[in-house]
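Colleague: As a plain string of letters, each chain reads:
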Amino acid sequence: MKTSKRQNFILLPSSGSEITLKSNPQVADFLTTLDDAIDFHSGGSSAMSFSVRNMPQAPQEEIAIEVIDSIKSKGAKLVSLDTNEMANFRFSYPGLRIIPEKFYSRTDAMQERLDQKITAKTASKTLDVFITDQAATPLLGITVIAFTDFKLRIGSKTRTNAKGYAKLRLNADKIERLYIYPDHSYWGVLQKNIKTKQSLEIKLVPLDLGTNDSLRHFFDTRNFQQIENPVKVGVIDTGAGPHNNLLVAGGKNMINGEDPDDYSDKESHGTHVAGIIGASGVMPGVALGADLHIYRVFAVGKNASNFDIMKAIAQAIADKCDLINMSLGEKDLDEGLISSIKDAYNAGIVCFAANGNDGRQPVSFPAAYSLSIAVGAMGRKGTYPASSTQADAEAAPYGTSPDNYVAAFSNIGPETDLIAPGVAIISTYPGDYYAAMDGTSMACPAATGLAARLLSTRADLLALPRNQVRSDEILKFLSQNIQAMGFGANFEGKGMFHLP
Amino acid sequence: MNYIIKHTGDKPVDLKKVAEVIRAHQGSLIDGSSMPSMGLVNIAPEAIESLKQNLEEWQVFPEKSYEVPSTRKKAGGPFGRF
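The listed protein sequences correspond, in order, to chains L and Z. Be aware that the first sequence starts at 1, since it is given in the numbering used here, and climbs by one per residue. Be aware that the second sequence starts at 1001, since it is given in the numbering used here, and climbs by one per residue.
Note that these hints are calculated values from the structure, not bench results. Everything numeric in this text was worked out from a predicted model, so none of it was measured. Where a beta carbon is used, it is the ideal one built from N, C-alpha and C, also for glycine. You can take every hint at face value.
Every beta carbon over 12 Å from chain Z, so not counted as near; a handful from chain L, in silico:
| id | residue |
| --- | --- |
| 1 | A64 |
| 2 | S73 |
| 3 | D220 |
| 4 | G250 |
| 5 | P500 |
Dumping the calculated PhoX-like pairs for lysine-lysine here, alpha-carbon to alpha-carbon at most 20 Å:
| id | chain 1 | residue 1 | chain 2 | residue 2 |
| --- | --- | --- | --- | --- |
| 6 | Z | K1064 | L | K331 |
| 7 | L | K342 | Z | K1006 |
| 8 | Z | K1064 | L | K342 |
| 9 | L | K302 | Z | K1064 |
| 10 | L | K192 | L | K151 |
Just the calculated beta-carbon pair ranges, DEER-fashion:
| id | chain 1 | residue 1 | chain 2 | residue 2 | range |
| --- | --- | --- | --- | --- | --- |
| 11 | Z | E1020 | L | P260 | 25 to 31 Å |
| 12 | Z | Q1026 | L | V205 | 57 to 63 Å |
| 13 | L | D432 | Z | N1042 | 37 to 43 Å |
| 14 | Z | S1065 | L | P100 | 22 to 28 Å |
Take the sequences, apply the hints, and build the full model.
Modeller: The structure is reproduced here in structure tokens:
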């Protein structure tokens, strides 16, 4: 059920604070119209309604906007609008930055967070976990995490040895939650409220590449044709491949001190993300045939510098990418990255970013930035084993189909533009493996890839000069192919891409 | 601390002058692979305002780090964080 909540936003042109008729006449006209609407003499704001463009399914819809203040006729506007209409507004009036009005409080000292620290001496027992495949063959390198107090996040973590054993040190008689995470090839396991014995034996269920995960439930990628016209998709991540079913057109390692020509993936995240977009083989990506350009910004085990991400965006602009995928994020805004996303938008490139996985927390940056497309994650019951770790992601709200839900980990908020499958997604893993992963990191490339597939049908848009108008037109076109899933705008923005 | 310098102007960049300004602020260019459009500079935070004033047509941003969002549960407590 949608609840109406109005909020103040600042409308700005995509770059700078004022626009000229020459640079973008449509946006200039729109800002002037808003300026004309203000009746300063009556000392108040002015309510207006604007039509929602390019929505054949609801041509009568209008967005009610209250214009509160203005800086110059073609400059910034302070408006109030319903947060449920944010995604509609963004897609209907591309080329505008929509920034929430913020208020700053005094910088009073905040309390330091104190985690409960218990020394290793308090470990009172051990538990041997023996992990095998269905044929009882021991599995090496499986991550096992046991929580004795889940709320306080007190627990133990280890990995299985060559004999399939993992020894956990515990401080209680009961394990509240036991998570088992294979890196690839098998489903994970979640068990709750286990009385600790001396040992526990668990057989992992292998991934069945012939069945549909939640992505292939909605999009039958095995029967998709190659995309019609080449679309270049930049993937800013840990690198990608090598994998027999992942063809990469080009890329660059942006990390200072590493070989610029080595953009292979030393971990796994980027390979999985890239496969969702453009893998071939038994689990094809949604945009098979897209030109994947991989920009490696994460050194092994480390976070990515905004400088490396900015370099990656600059390289994607130089490489003439059409779309950029960023399955990464952090809490605070970053003016440096904002300036690069603006550069991309002004070069005709649309950036997609993951909402973040903090569990219903505000949308992470750069997804929260108004010129990015923010993507949340949804799941579908029945597309993974009931005993798998993925079952932990099931949570309200449920959609128009009761089997669809917004993943419990997905961040939410009015900045959300789209939702896409992001629970138990099976995709490529380095070493020619496949893995099931969860996250808005997976939902984001699903949306980016679908955008690439849709865009590939529009050679006219791809041929436009590379400027802000191109980005505007791409967004307008994409907005005609989005379907609400029944979760509400705060969770899903405008909804999920659908293919004609 | 590391800062990103990003060129914003239309005039050609005088790299020699940029290097002199950075050196005059006891800073060093630690990643020049994207020059003349961008660079990563290591410099003391107290020198940054002066650097900004002396580098015309350059924007200056602090370096930050981003993580891959993970949905795996994290444990704290007796056996350390991971």
